[in-house]
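Asker: Positions 73 to 727 (this note's numbering) are the ones given, in order, by the sequence shown.
Please keep in mind that the hints were generated in silico from the structure rather than gathered at the bench.
These figures come from a predicted structure and were not determined experimentally.
Don't take each hint at face value.
Derived BS3-like pairs: lysine-lysine, alpha-carbon spacing no greater than 27 Å straight-line [as the list claims (entries may be wrong)]:
1. K704 / K665
2. K695 / K724
3. K526 / K544
4. K594 / K573
5. K723 / K695
6. K723 / K711
7. K711 / K636
8. K628 / K594
9. K724 / K665
10. K412 / K363
11. K695 / K711
12. K724 / K711
13. K665 / K636
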Amino acid sequence: MSKLFLTPRRMMNAANGATYGTPGSSSVSLFIGLRIRSLSEKWSASIREMRLVTTIAFFTFSFVIAACGEAAAQAGANVLVIVNEGSPASIEIGTYYAEKRAIPRENVLRLRFNPTESVERPDYERQIEAPIANWLTRNFAQDRILYIVLTKGIPLRISGTAGQDGTVASVDSELALLYRKMTGQPIQAAGRINNPYFNGDRTGAPPPFTHESYDIYLVTRLDGYTVADVQGLIDRASSPSREGSVALDDRASSASEANVWLKSAAEALRSAVGPNRVVYDTTSVVLKNLKNVLGYYSWGSNDPAIRERHFNLAFVNGALGAMFLSTDARTFNEPPSDWKVAAGEDATTEYAGSHQSLTGDLIRDGITGIAGHVAEPYLDATIRPNVLFSAYLGGANLAEAFYLAMPYLSWQTVVIGDPLCAPFRTTILASNQIDKGIDSATENATFFSTWRLKVVSSPAMNPDRVDLETIKLLMRADAKFAKQDLAGMRQLLEEATARDKRLGPPTLTLALLYEQFAEYDKAIERYRRVLEIQPDNVIALNNLAYAIAVRRNAPKEALPLAEKAYALAGRNPSIADTLGFIVHLAGDDRRAKGLLAEAIQGAPQVANVRVHAATVLAALGEKDAAQQELAKALELDPKLAGNDEIGQLRKKLQP
73 MSKLFLTPRR
83 MMNAANGATY
93 GTPGSSSVSL
103 FIGLRIRSLS
113 EKWSASIREM
123 RLVTTIAFFT
133 FSFVIAACGE
143 AAAQAGANVL
153 VIVNEGSPAS
163 IEIGTYYAEK
173 RAIPRENVLR
183 LRFNPTESVE
193 RPDYERQIEA
203 PIANWLTRNF
213 AQDRILYIVL
223 TKGIPLRISG
233 TAGQDGTVAS
243 VDSELALLYR
253 KMTGQPIQAA
263 GRINNPYFNG
273 DRTGAPPPFT
283 HESYDIYLVT
293 RLDGYTVADV
303 QGLIDRASSP
313 SREGSVALDD
323 RASSASEANV
333 WLKSAAEALR
343 SAVGPNRVVY
353 DTTSVVLKNL
363 KNVLGYYSWG
373 SNDPAIRERH
383 FNLAFVNGAL
393 GAMFLSTDAR
403 TFNEPPSDWK
413 VAAGEDATTE
423 YAGSHQSLTG
433 DLIRDGITGI
443 AGHVAEPYLD
453 ATIRPNVLFS
463 AYLGGANLAE
473 AFYLAMPYLS
483 WQTVVIGDPL
493 CAPFRTTILA
503 SNQIDKGIDS
513 ATENATFFST
523 WRLKVVSSPA
533 MNPDRVDLET
543 IKLLMRADAK
553 FAKQDLAGMR
563 QLLEEATARD
573 KRLGPPTLTL
583 ALLYEQFAEY
593 DKAIERYRRV
603 LEIQPDNVIA
613 LNNLAYAIAV
623 RRNAPKEALP
633 LAEKAYALAG
643 RNPSIADTLG
653 FIVHLAGDDR
663 RAKGLLAEAI
673 QGAPQVANVR
683 VHAATVLAAL
693 GEKDAAQQEL
703 AKALELDPKL
713 AGNDEIGQLR
723 KKLQP
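Work the whole structure out from these sequences, hints included.
Answerer: If you want it as C-alpha cells, here you go:
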C-alpha cells in the first residue's frame, strides 16, 4: 500500500485543511503533527504499511534546542549560510565565506533548485523555507541562529501581484519571518508586515538583536554581478575601516519625507562624528570623485542629474549605502557595459525590466553593504538613512544597522553584505545572552518556547481554551519527535489526549504512532476517536479504511469510509489508490481498475500504486498489462523486488 506522507510543503493544518497560521477548530492543530519525511529514513519498513496523502500536510511547529557548546557570540556560530548546489557561483561563494568567517561546517545548509532570480511562492515554501526550518529543528538552533545568509544563485523574489496589498516579495524579507512562523503566528502573504526591530526615526544606541526580544531572523545575502565581486565584498567586510565620511546626495528642489530623513541624518552625524565627516549636498551637482567614503545614500536614477552608473567613489572597507529606488535589486545579472540609467520619461532602453540604477554597480565600485528592492516598495518602506548610519556608527553590525532602518518585512528589500561586519562594535553579547538552552517545561529553546506559548495560548489561536499544561505536553511531544524518540512522543501524546479528549490532530498523530509500533487495534481506536471529533478528517477516514480492510480483513466494512474520503478529497491519487485497492479486496475488480488508473494518472511516479494496478489487472486476467505495470513499479523502486507480495504476483503472471 502507499505510504502516509505528511509534508511541511504548505504548512497546512491536517485537521481542517486551513493554510498555515489560520486559526483552526483547536489550537493544537497549530503545532502538533508528524513529519513522516525524516522519519521514513529510519522506519521505512513500518511506513510501507501506511497511507500516502500528498495534498494534506502537517507541519510541526516546535523546534527543539539541545544543549550545545559555547560559541563565540555574534560570530560564525550565529550564522546559517544557505548554498544552492544547482549554482556553481553559490557553492563557490558559500565556501569562500564560510572559510573566511570560520562558519561551522554544520552551519552551511546545501539545497538544490534552479538558480533563477524569481520563484513561485509554493516553490519558495517547499524548496527554501521548509528545509531551513527543518535544519533549525535537526540542529537545535532556533535561538542560536541570529543571521541567515543567502548566496548568489538563490532566488531574489517571490512572484506575485503588485501594489501595496500585493504578494510579490523578496525571498530575504519573507524568510526573515521564519522564526515567527515557526511559533505558529499567522503570517499573511499579501501586503507588508511591520518590522519589530525597526528603530523608527530615533537615533542613538541601537538595541542588540537576540530572540529574547525579536521573533525574526536578520537575513542578508552575498550577491553581485560576479563571484569575484562577491568575494571582494566578503574580503572588505572582514577588515572594515573606522575612518571615512558619509556622503548624502539629495535631489535639488525636492520636498518629500526622504529629504527630511537625509537632512536628519546629516544633522545627527555632524553632531556625532563632526562636520568634516559628513558631505550633505542638496544641489543638482552629483557627488563624484570622493575619497574615503564610509557611507553613501542618494536617489540614484530618480535624481534627474544622475545618468551615470559609476561616480568614482573611493569606498573604504566596511562602507554601507542605499538609494531611494524602486527596483535597484531587480537583478544581479550584469548589464552590457554601454547600458545607461535613465528617468522614466527618458528611458529608451530598459535592463531587466527597468531603467533604474542597480545596486550591483555600487558593489562593483567597492561598497561593502547595500540594501535594494526587488519590486516597488513605496517611499515609506525604504531604508531610513537617519537610522542606518547612526546605528552603524553607534556599534550595530551590518545586518542590525539595515534592519533597524527597515520599516517592513514580507516586502521588497534585500540586504547585501556580511552580517558580521561591525567596525564600531564595542559590546559583544555572551553566548548565554543569545541562547539560554532548553526550557525544561517544554523541551524547546527558552526564548522560542516563550514566544510559542504566547502564540498558541492566545484566544485567537486557542478558542477551545486548551489548558497550559496540556499545551506544554504537546510541545514536549513535538520535541521528542525532533529527537526521533517515538516512544517518548507516544507517551506524552497519550497523556495530552487523556487530559483533553477534543484534541484531533494529536490523536491522529498518536494513531500513526501506534501503526509504527504495530499496535493496530489501538490505531483503529484512535482513528475512530479522531472521526468523533472531526467527522470529515480525510486522513483518518483513509487510514481507518485501510486498517479495517487489511488488518481486520473486512473490506466491505471499510468501503464506506474509503468512499467518504474519496468524495471529500476530490481527485487525490492517493485516496483513489486506497479506494481502488479496497474495492478490489471487496471483489469489484472492474471498478478497482478504473480507480487505480485514475491514481496512476495523478501520481505516475508512485511505485506502490502501479503494484496495486498490476494486482488488479492480474485478477482480471490482463497479464500483459499487469506485467507492464509491475515492470514500471520495479523501475521506480527496485527495492520492491525483494517483497514477498511481489514474488507471489510474479508467479501469478508467469505463462
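Asker: Sort out which numbered hints this structure fails and list those numbers smallest first.
Answerer: Hint 7 contradicted; others consistent.
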